[in-house]
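J.: Can you build the whole structure from these sequences, using the hints too?
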Amino acid sequence: MYRSLFPRDVFAELDRLQHELQQAFEVSPSIRGIGRGGFPALKVGGTPQAVEIYAFAPGLDPATLDVKLERDVLSIAGERKGALPVPEEKAAVHINERFAGRFRRVVSLPDDIDPDSVSADYRDGVLHVSIKRRESAQPRRISIE
Amino acid sequence: MSDNTAATRATQAARPEALLLPPVDVIENGTGIILYADLPGVSKDTLNVHVEADTLTIEGRLSLAVPEGLEVSHAEVSLPGYRRTFTLSRELDTTKVSAEFKQGLLTLRIPKAESAQPRKIAVSVA
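As given, the protein sequences belong to chains C and A, one line each in that order.
Going by this note's numbering, the first sequence opens with residue 1, and the numbers climb by one from there.
Going by this note's numbering, the second sequence opens with residue 1001, and the numbers climb by one from there.
Be careful, since some hints might not be right.
[What the hints assert, rightly or not] Computed cross-link-like contacts, DSS-like style, restricted to lysine-lysine with a CA-CA straight-line distance of at most 30 Å:
1) A:K1044 <-> A:K1096
2) A:K1096 <-> A:K1112
3) A:K1112 <-> A:K1102
4) A:K1120 <-> C:K90
5) A:K1044 <-> C:K81
6) A:K1096 <-> A:K1120
7) A:K1112 <-> C:K90
8) A:K1102 <-> C:K68
9) C:K132 <-> C:K90
10) C:K81 <-> A:K1102
11) A:K1112 <-> C:K68
12) C:K68 <-> C:K81
13) A:K1044 <-> A:K1102
14) A:K1112 <-> A:K1044
15) A:K1102 <-> C:K90
16) A:K1120 <-> C:K81
17) C:K81 <-> A:K1096
None of these hints come from the bench; they were simulated from the model.
This structure is a prediction, so every number in the text was calculated from the model and none was measured.
T.: Right, here's the structure in full:
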């Protein structure tokens, strides 16, 4: 199911509508759905020295996060428990928009990264993975003799 | 407790700044309301939760420490923060709201006033 990360936003709703229409008309929609808009939301960027990936995954225990680098593909996987009460409990769920369940997101990285110098930290619900670029790929100034 | 998205939009229209609407779960049981809100990237100092009359506002600024010269190639989160407002109903006791904020997850507990708590009425047999 397609679930907007930031609900009740006009653009997200339009996006969902477009996505649903696309699915209805496409002859063979991909078995893996669409690549964009899963949980956690990603922000990917780079500096000349490193590639930085931020995953917005709040409320997780960092020990349960599975971050893997295989060749030049980075995968982030884990599970988030739902906050909803067990059905026997006397409680009413008024709004249920937060993601719950298993997740996995994959980012393919440029080929100049150094797989041996990766660091990851989890702060304020954001997982930050930093992968250094290889020394040999660094921009160098060539002196003219 | 109702989600007044229209009001949120109205305030957003009045202010030029566009903000994200954080996803929430709202659960009500006999003793009160529990609200969970996802605010990843917000630190404790930049989070602002306040109740004014019967309006609950949750605001937070994204405070990501990005390295200098970062060139973003793909961003699914590009706005500077979050804001969402809710209208509280009268039986909720806003003086006893408790909030917990851990790893970008805000948990608010809003108890119901004593008079609104469910009571069991004993039936005496005459």
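J.: Against the structure shown, which of the earlier numbered hints fail to hold, in ascending order?
T.: 9, 11, 16
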